[in-house]
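Chains as they are written, first to last, in the numbering used here: chain F, 1 to 282; chain B, 1 to 282.
Hints in this document: simulated from the structure, not taken from any laboratory. Hints may contain errors.
These stretches of chain B come out as covered by chain F in the derived footprint (C-beta under 8 Å, 3 or more residues) [to be verified]: (1) 26-36; (2) 50-61; (3) 117-128; (4) 134-144; (5) 158-164; (6) 215-227; (7) 258-265.
Result set (DSS-like, lysine-lysine): computed pairs, CA atoms no more than 27 Å apart in a straight line [stated by the list, open to error]: (8) F/LYS110 x F/LYS84; (9) B/LYS24 x F/LYS278; (10) B/LYS43 x F/LYS278; (11) F/LYS272 x B/LYS43; (12) F/LYS243 x F/LYS73; (13) B/LYS139 x F/LYS278; (14) B/LYS203 x F/LYS140; (15) F/LYS250 x B/LYS243.
Backbone N, C-alpha and C fix where the C-beta goes; we use that ideal spot for every residue, glycine too.
Here is what each chain is made of, one letter per residue.
Number of protein chains: 2
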Amino acid sequence: MNTINNIAIIGLGLLGGSMALSLKEKLQTTIYGIDTNPNHLKKALELQLIDQTATLQDLPQVSLVIIAVPVDKIPEISLTVLNKIQNNTLVFDVGSTKHRICQSIKNHPKRGNFVAAPPIAGTEFSGPEAAISHLFTHKKNIVCDASLTRPDILKTALELFELLGMQTDFMESVAHDTHIAYVSHLSHISSFMLGKTVMEIEKSEKNIFNMAGSGFASTVRLAKSSPETWTPIFIENKESIVKSLDEYIKNLSLFKKYIENEEPEPIFQIMKATNRIKNILP
Amino acid sequence: MNTINNIAIIGLGLLGGSMALSLKEKLQTTIYGIDTNPNHLKKALELQLIDQTATLQDLPQVSLVIIAVPVDKIPEISLTVLNKIQNNTLVFDVGSTKHRICQSIKNHPKRGNFVAAPPIAGTEFSGPEAAISHLFTHKKNIVCDASLTRPDILKTALELFELLGMQTDFMESVAHDTHIAYVSHLSHISSFMLGKTVMEIEKSEKNIFNMAGSGFASTVRLAKSSPETWTPIFIENKESIVKSLDEYIKNLSLFKKYIENEEPEPIFQIMKATNRIKNILP
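Isolated chain F (complex conformation):
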């Protein structure tokens, strides 16, 4: 792998902070932290996620830049980063939507330095305090539009992802956004709305707490996620998410109708068919 001397991480939340911890375990480098939130910078230093704070002006000094800010901020920051880096610097982002990011940099002369690489990893927690060193171990990583990255840069990136314990797959950015809308983004919305519905009706927090062991606790887990992270994701990926929500609401309404009509057979068969998920996710 090309020598990675200095690393800049832009955005020191859950993903950026976890990248910092993971890289520190694997590589001997200096990690520069960049964040518009001074509290995040302070916390990241305190927690030793980063070695020192920096600004975008320091980017010519690093051989790797990781962009881990909310997805609506990534296109603009990516252009700034590509304007400032040296010729052989690797840049990758960890945003959960990919198409608009790839569109915005497609004509940049340093497009080949950029890897659009969303790791399929996260927790419901956020901020530098949420960073954990093993967040990416054994996780999937989907590199989008890989043909637009310079082969030598891509090679370095893939070696780095492997070093972090990730398994990489490849996809076009448009396809990525459509698939992730269903598999990830819809899960977050279903969980947030479940939490909202239950808390609106259940005025007694004690009842929620007492009964949460019945499946609610795990199903509502994602409703603890950061609104700062997820608001721009939902708007960025609006088209696929709205389509997935239409399908989800249609399925809920039909299932409700069967319950209303007390029709055990279709209720049973729908659940039986859905049990197939056991084979996909054992």
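Based on these hints, arrange chain B on the given structure of chain F.
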């Protein structure tokens, strides 16, 4: 605690089997297994969940009967059990709905022997193979309509639940069914419909598998649950479940509208408010 010599467990699935394992760890007794499914009986013997198979005719010989069959079967079985037991035998059921069961036995001369006690515990697995000995440890247990149970029987039951590591709370059966519809049953439906929606759209199981780490795996976990168990629960608790589904669909539709209109402010505020679940379920 009154001496419990012989125990009959009717229904040897996840809950009945786990009761058997938990009781074997704590008490020196003989456990008789009763099940209409001969495979369950065979498996329960093989796994040493039970000491021997039995029939309803053997009930006069036991001092504790646990009813762990699907909820639509509990009212009828409960009447049969109450008809057959001795004067001081404790009977409890573990069904997830309570009102109709309590209604059906309310005039029985042995109503006082019955404790309506749904433990808030379970996994997405089913059958005797799914039984685990610690399923009830540190779990909540909600005893319904406790005033209708004979005080000495109730005392024995509470001591037994404590022995199994459960924390007991009390509620009226109608209130229980309403609350559990929101906190448990709605979670199961939201999860089943999420699994259905994703599998209908995502023809590629590889994509589902690769992206499941993004939150889908935990949110869809309950969609692995048993249709045999859940079909009768949804129909039994139809009124409250339909109401909860109406609220859930209303919230999803409103959230979808905000995404369609690209309105970050209400999207953010709804998620921020829902984050309160972190305080209730830390």
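Notebook entry, point to check: Hint by hint, which ones does the structure fall short of?
Noted result: 1, 2, 5, 9
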